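Protein chains: 4
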Amino acid sequence: MKNYQKLKGLVAATFTPMYPNGDIHYAVIGQYAQHIVDSGISGVFVCGTTGEFTSLTTEERKQILEHWVKAARGRFKVIAHVGSDNQRESVKLSRHAAETGAWGVGSIAPGFFKPASVRDLIGFFKPVAAAAPELPFYYYNMPSMTGVSLSVAQFLQEGKQEIPNLAGVKYTHNNLMEMGDCIHLDDGAFEVLHGYDEMLVCGLALGAVAGVGSTYNYSPSVYLNIMKAMEEGDLASARAFQMQSIEIVKVIIKYGGGVRGGKAIMNLIGIECGGCRLPIAPFEKEEYDSLRKDLKEIGFWGK
Amino acid sequence: MKNYQKLKGLVAATFTPMYPNGDIHYAVIGQYAQHIVDSGISGVFVCGTTGEFTSLTTEERKQILEHWVKAARGRFKVIAHVGSDNQRESVKLSRHAAETGAWGVGSIAPGFFKPASVRDLIGFFKPVAAAAPELPFYYYNMPSMTGVSLSVAQFLQEGKQEIPNLAGVKYTHNNLMEMGDCIHLDDGAFEVLHGYDEMLVCGLALGAVAGVGSTYNYSPSVYLNIMKAMEEGDLASARAFQMQSIEIVKVIIKYGGGVRGGKAIMNLIGIECGGCRLPIAPFEKEEYDSLRKDLKEIGFWGK
Amino acid sequence: MKNYQKLKGLVAATFTPMYPNGDIHYAVIGQYAQHIVDSGISGVFVCGTTGEFTSLTTEERKQILEHWVKAARGRFKVIAHVGSDNQRESVKLSRHAAETGAWGVGSIAPGFFKPASVRDLIGFFKPVAAAAPELPFYYYNMPSMTGVSLSVAQFLQEGKQEIPNLAGVKYTHNNLMEMGDCIHLDDGAFEVLHGYDEMLVCGLALGAVAGVGSTYNYSPSVYLNIMKAMEEGDLASARAFQMQSIEIVKVIIKYGGGVRGGKAIMNLIGIECGGCRLPIAPFEKEEYDSLRKDLKEIGFWGK
Amino acid sequence: MKNYQKLKGLVAATFTPMYPNGDIHYAVIGQYAQHIVDSGISGVFVCGTTGEFTSLTTEERKQILEHWVKAARGRFKVIAHVGSDNQRESVKLSRHAAETGAWGVGSIAPGFFKPASVRDLIGFFKPVAAAAPELPFYYYNMPSMTGVSLSVAQFLQEGKQEIPNLAGVKYTHNNLMEMGDCIHLDDGAFEVLHGYDEMLVCGLALGAVAGVGSTYNYSPSVYLNIMKAMEEGDLASARAFQMQSIEIVKVIIKYGGGVRGGKAIMNLIGIECGGCRLPIAPFEKEEYDSLRKDLKEIGFWGK
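Quick note, the sequences are listed as chains A, B, C and D, same order.
Okay, so the first sequence: first residue is 1 according to full-length UniProt numbering, each after it adds one.
Okay, so the second sequence: first residue is 1 according to full-length UniProt numbering, each after it adds one.
Okay, so the third sequence: first residue is 1 according to full-length UniProt numbering, each after it adds one.
Okay, so the fourth sequence: first residue is 1 according to full-length UniProt numbering, each after it adds one.
You may find that some hints are simply not true.
Heads up, the list lumps identical chains together, so a pair's fine if it works in one copy or across two of them.
[Stated by the list, open to error] Below, computed lysine to any residue pairings styled on SDA-like, alpha-carbon distance capped at 25 Å: (1) K228 x M243; (2) K285 x H173; (3) K285 x G302; (4) K254 x D120; (5) K250 x F112; (6) K70 x D186; (7) K228 x T58; (8) K114 x K250; (9) K293 x A116; (10) K296 x A153; (11) K126 x E287; (12) K70 x V251; (13) K8 x G147; (14) K8 x R239; (15) K285 x A98; (16) K126 x N267; (17) K8 x D186; (18) K254 x H184; (19) K293 x Q157; (20) K114 x P143.
These aren't lab readings, by the way, just hints derived from the structure by calculation.
Remember, it's a predicted structure, so these values are computed and weren't measured experimentally.
Chain A with its partners taken away, still in its complex shape (with noise of 0.2 Å):
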């Protein structure tokens, strides 16, 4: 296998910027590009959950991922989400990404029919990784919506027989003793990209070295203080920042979620995503009242 650069640090799952008819808002994403710059985030993960990417189209998918690029210039990871219920959509997805400069691709597994077995997962992720021969590619797993609960340490050593540039996985699902795991699989063959921010100081207690998380767009400091902290063994100070995380995502649960309560903070921390397409309920004017308050109750604006 192809020796890939490690990813390390916070990669931001990227919110799609709607206007408020529900089409893609294109013009945001060079100043929301210039943010990740400012915050110290080595990566993006475009078109994922927080992108909404089930309710985006093909061609809406293709457009998001060659603006970031473009915005990017280089000074941060790009990794294109191809994942898709449709195989061959995907495939063309990931031939995109490969074109258009993505730095790598990632894919969840398809969840409305679920692959019955790691060789059907591997059977479907096949081509997709082929169509971008050159990039790392990452599993996607996240269970709690998919529904998909397959072995991800099976997945990983199997799937590297038949899919050359599988790089790793990033793991969004409570199971950290699997993640442990994968984590140490044949010698820390694999990436494991940490995917849930309120325990990202499980996941490094375990040895990830890096995260893809939503709240990362809006709270960068928080987790790059984490990051430093558990570097220096500082667990006292990283659990300090951890609970200052914990305090964030619940108030986004509270507003329905990373992705509505998630883009809700983006409109107030000035970069305008807007509102989510549905099912994702319309944010009303007195929940932004309600939210401002509640992060400003839990210190998110400084002291």
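Here the structure of chain A is known, so what remains is to put chains B, C and D in place on it, guided by the hints.
Showing chains B, C and D alone in chain A's frame:
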């Protein structure tokens, strides 16, 4: 609300014929349609779960529908399934269904992002139904696939206020109490299409007069006999035929479920539907031998 | 296997009468038994889920059963539920049931530690059934409460080899396909007692001839009418009565389910069953007022 | 609220020694207690899930506790698990624990009938905790076994108002965000005992200072090393030991889980705990051979 012609009898959820390489085999649809006519089936439900809609592109779904409408020549009803996690795609498919001459449209709930309330589900469906305003719109309720478990009765009652062409529900769920409730809601204002073939007598006992199913494709007489016996109050006969149905369903479950196993049976009865697209695993040669034997054992080919 | 008298008709799952302080109010059982006789009910299922068996001590369960056997005076069948997570307690209860003169015994599966296979479940039940060797033994299948989802058909077939007095199953689950399968297994060798009152017509349509339920306690005529209409092939009438049943079940669900809401209804019809033991919450005074009103609205008290 | 001595370090959830016929082998407890002392373990949690409490009679639970208190001779803390679906049994066990000289009591939530709200859970526990008023009371939260998923933070805060001796929670759940939240609740007013051995570093990273686990019984040094390394901020070492723990847990999962597999390991290390009571299946002779081999492969016996 307009008074739509009530749907009665059996509606076959069609398989999508494919070539060995996975491309759509449109030419089979003509023969398939004749088979439907010969079977005494009243209608087809095109590109639903059985038709692997999540594995098809929007363009493919349009073309498949066009072939069905053309092949039907008014001899049976053609209901277009237009569901998608992507509301905009769904709206396009709905408009296309109306333009193409479909008899009705149906849509499953979005399942990746799940509507948090009945209100959100109505909001999601509203423009979809409005894109085919002259056609009856059916909500395709199937929590086992979508994970969406909202109250169907509430959806029908509240949805009717905003979706004038809401005709009823394709009810594919084992909560028969709720199903009975929906049948009798507002003095029977809504059509409730029974969705689980293996318990058709149960739905009919509760008052359903129509069913949508995948095994109707290859065992129509079993179900027509159930319908007839139930109409005549001949429970013993109905039950005997239902047991035949249960035996068939046990076989398809053994082969991976109604889509995978059912498509293989279609091939055996001479309608060349081919295999499934991934992530549904390919059907192996030896499996066909075994399947043939299992079908023989349950008397599928007659005695 | 011995040929046991087939159970036919309705079996009421009895509530356990309690004083305000939670002590068992044994004296009520005599009146309760007369109510059963007057209702036309064929039997009682004592200390099952409805009887709050997990909240009772072994000694209380014994005494309650003794009171029921004595009060029945052979006028209806008394089935003792002897299930427990603790096999040794279960064996004692089973032996006691035989000594006390119960007509049959039944047992739910252990649910904290779950049997990993049908074989383990058989192993668990074997000494329990053997402790009452002359009585029919029923497996009480209720996955929604136990989380045990083993194949019931397999259990019946394999269990019969080791448990000579295995008579059948109280089937309280919405997998009606499996229920139909069990009814017709080995040419009807097993008794399958329908367990969900709100869909009794479905079970009867599939061939069941007996049911065990909690709402039979206070709405016996509704179910006797369903049984009669189904026997006569009068589906329209059966359905109409089933809809009355569904309305009743909707009410008890509103009040916390069949045990909590049902016990309150018993009090309203004059059988002083009192409240439930914790963790089932006490029934408040205002709830009784509201319940009375809800029951009036659905015509529970006649028209 | 009284200021209880904070629990620190490792608490072993003890297995219940049994003879081949399933009777309790009380005589082993003395040797077992010495093993605990030699191991450097701070306490034991008696008759919890690991101790098969649901398979034991109330009388057995009392006697087992008495043996442990006696054998401990004050050399380690003895926490009595007094949980039961039956509140009255639970109260008796709690009173007995206090009389016997246990250091603390803990209780799992009732799982057959599930408390519908935090308020109901508090109502259920209140008399249980009050029966041992001088001892710290721990809520044993384990949704995977009970199906009870109420907010633990809410329980702690509201429960404290009614249960003066509520000390904290044994947190056996993978919602580490909630666990972190509980640790920091009210400035650390509650003790949060980490419950999943295979992710101890995660709990410690979040601020836990104690853990209750079953693998501590036979791999104490692995966990003592984790505790020590984490205290010193030596994450690399902690992680390496945690990986040893994960390997052990993978083995016990292979053999049916922590109770079945763990009890077999106890026999291998010379503490004769025997087999489990049904419904946990007996451990076969060949399984012991295989287990021995698997343990050797992961270096369980040293290198």
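Task: Violations among the numbered hints, reported as their numbers in ascending order - done: The structure breaks hints 2, 6, 7, 12, 13, 15 and 16; every other hint is satisfied.
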